[in-house]
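Novice: Using the sequences and the accompanying hints, generate a full structural model.
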Amino acid sequence: MTATPVRTPRRLRRGTRAGEIARRALGAVLLALVGVVLTAAPASAHVVPSSVLQLDIRADVVDGDLLLPAADLATASGLTLVDADGAGAALDTANADAVADYLTDHIAVTSDAGAWTVDVGDVTATTTEQYGTGTFPAVTADLVLTPPAGADVHAFDLDYDAVVHQVITADVYVILRSDDTGATDPADLPASLGAVAVDTVTGTIPTLHVDLTGNSPTSTTAGFLGMLSLGISHIAEGTDHQLFLLTLLLPAPLLASAGRWRGTVPGRRAVRRITTTTAAFTVGHSVTLALGALGLPVPGQAVEAAIAVSILVAAAHAVRPVFPGREPLVAGLFGLVHGLAFAGTLTELDLSGGDLVRSLFGFNIGIELMQLAVVALVLPPLVVLARTPFYGRLRVGAAVLTGIAAGGWLLDRLGVATPLAGAADRLGPVSPWLAGMLWVLALGTVLHRGTPRSHVAFLGWRAGRVDGLVVPVDPGASAGRR
Amino acid sequence: MLLSLGLVGCGTDDSGDTASTSSPATTSSSSSSAASSGDVAALAEAFAATLADDQLEALNQDYTFANASNWSNFPNALLTGGSGGFGGGGSGAPGGALPSGALPSGGAPGGGGAGSTSSTGRVGLQTDSLTDAQWTALEDLLRAVTGSAANEGFDEIMQHLSADDYLADNGGGDDYGRGNYFIAFLGEPSDSGTWELQFGGHHLAVANTYVDGVLGGATPSFRGIEPLTTVTEDGVTVQPEQQEQAAFQALLASLSSDQLATAQLSQTFGDILLGPGNDWAFPTTSEGVAGSELTDDQKALLLAAIDTYVDDVDDADAATILAGYESELDDTYVSFSGNSSVSEVGDYVRIDGPSVWIEFSLQNGIVLQGAHPHAVWRDKKTDYAGLTS
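Residue numbers (our numbering), protein chains in the order written: chain A, 1 to 482; chain B, 1 to 389.
There could be a bad hint or two in this list.
Stated by the list, open to error - Where chain A lies over chain B, by a calculated footprint (3+ residues, C-beta under 8 angstroms):
(1) 263-271
(2) 277-289
What the hints assert, rightly or not - Taking lysine to any residue and the SDA-like style, the derived pairs with C-alpha atoms no more than 25 angstroms apart in a straight line are:
(3) B:Lys380 - A:Ile205
(4) B:Lys381 - A:Thr202
(5) B:Lys381 - A:Val201
(6) B:Lys299 - B:Asp315
Rather than coming from a laboratory, the hints here were simulated on the basis of the structure. For every residue, glycine included, the Cβ atom is placed at its ideal position computed from N, Cα and C.
Specialist: What follows is the structure in structure tokens.
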């Protein structure tokens, strides 16, 4: 029996990089942990640690947060960074400068615009842990990668061979941690940009190409659209913001009289109330969103609690008129509070300069668009239903439920845990179905009544031609206008 | 040798019943000579016949490059990020929480090969489900495909299993031990067509590919070991890779200072270069001192070092393979990094010929203190019997 080479390789794959990457199955796990959560690994496993470069894309520069295993860095640089036992040695200024010089020599960035400047700072000795490595001494450094003036930060070539030029089995994971420009969907972060490792076939270290321009026409547009969608999702997912406005608008088609909601107001008047209330909310939150994003300190927890209070107030008002005719004022005032919460979201992104203005604008437009969509979706059926005998129960029922949810949020945000807050948070995904039910109910009402006037009222409302066509439903209601 | 010592689980009732009905395999375990190719398929079938349906389902895998290249030097728990100590903080974050884009395939053109060794762990039947009778049938199969020399081949594998039991008992915990190895048939064992016998676990990868009943490739063959120093576990003396280390030491010790200077690599090695997943990635340029520069005595030492890996294969096939490597000895290069004593962490030796590729790397201890080696034997022509994708 013989060992017969039955087949010569059909094709010797050049794909070392693919293999190199696949070889490090652990690297994939490492990536899951870096920037997400660095989980403690057991003492019994000591896999060889990797260098990790985390990049933050800013408007004009790319910031890097670099971590290198100290032992590998010592081997490659010839500097004394670990003691005889392999423990990390403290870094004096001279050594820190020497590390910075070494890194500067081994990191180069270029793009179509030319060579970038690479600044290395804040070289620090630390100990850390990666998946399966156990604790190991490491050196961290901050990088600032600056393209030629005005050049795009989204596409560049990273020629990186620190450590790897000497420790041929080492590898460097390059991770996109954040992107202020919005070119990357925040949901995709952190994202892997690839790995730097020796190509074993050629013995060279391939350049890592980074290209985040993606399908977007320009980064500016992409950034704006990214923020637009962030604004939209903020409202879509922010059940509390939706609930406040909708609850406040619940009695908009109704007439306040003697401390109760009685009868309805003409359709055009209802539309005007809805418009002014919504606009006032918009103005209010735009002001504080801008102020907060520009640096006004946002007391997060107080703001969140105040938002819950605002919903409670709106709910109370929906049951019995508390501030009839002053809905726009209340909407504007509480809008200020809601805007601070929006600002908190933007502040977390740590924007500045032109980025901030663009983001602010995009984010706010996104909020308005989504808000308009919600109002346009929910209000027409409400206006129709307001003319039915059961609107009273619907309104009060919705207001009470909203009040309970708001109460839950308030307690939760004041530190009292209740199951209510969690339940209320889960209302978000249900809300489209609720809106759909309202539409079905409203259409059913219109068809059931089957009177031409109602049809006209319904259709005419949308056309803004229904003044005077509305019949007070509540027999006891006064027909007078406020 | 009581191979079931330290076994955790002993399979299902079903498998027990099935095992008791299998007889031919369990009575033919005395042979120490190389099996004929027909024997391998027959012994593979005999082992399979001892298994329950769910075990068979795990055992039989597709003959694909993805499965063939899915071996590793790591304990399986470290690959899956799942059970035991490797999972980390209990948040469930590892593995499952990994964004699908996390493997850096986007940054690597043509990176389609990536991912086969991702966090799914090894394929095949885990040995913790085997009954005593099933273990016996598995050993009969392994004995037939491995060499008979002491501390090589079958003996070496058995010592590897004992070494992992030792790790389990000395700080490694449940993620180590002979119950954490995997046996897989990639394709159907047969004397016609191609199939691979894959057996591996921590520090061990056996990959014998049979083509029409003939051994078409015995690599990639990974052998690491911890502890490297001799220990005794359940009465077994554990020293499976000392022979390899000694062979490298003797080879480098025989080189003149000029030859050593030529053989020394300037770069540093934290591990072997062509480990798991790094397939068909042999350097185009061989480094070190060429076999043609060596004396006959030195060539004999070189061949002896190669033989400590080739001898892991059944004796007849090993002789054939070694003869092939011997004929290429003049074009076979020896290189090293670190100390030529091949004793300290960072010490590294490579044998790089027209066909043969062997790397030996000493690195820090994992469970225990002290250096431990990783080593791989690859063949530039017959790795995976030539399967490249």
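Novice: Each hint should be assessed against the structure and marked as holding or not.
Specialist: Verification of the hints:
no.	hint	result
1	263-271	holds (count 5)
2	277-289	holds (count 9)
3	B:Lys380 - A:Ile205	22 angstroms, holds
4	B:Lys381 - A:Thr202	18 angstroms, holds
5	B:Lys381 - A:Val201	15 angstroms, holds
6	B:Lys299 - B:Asp315	21 angstroms, holds
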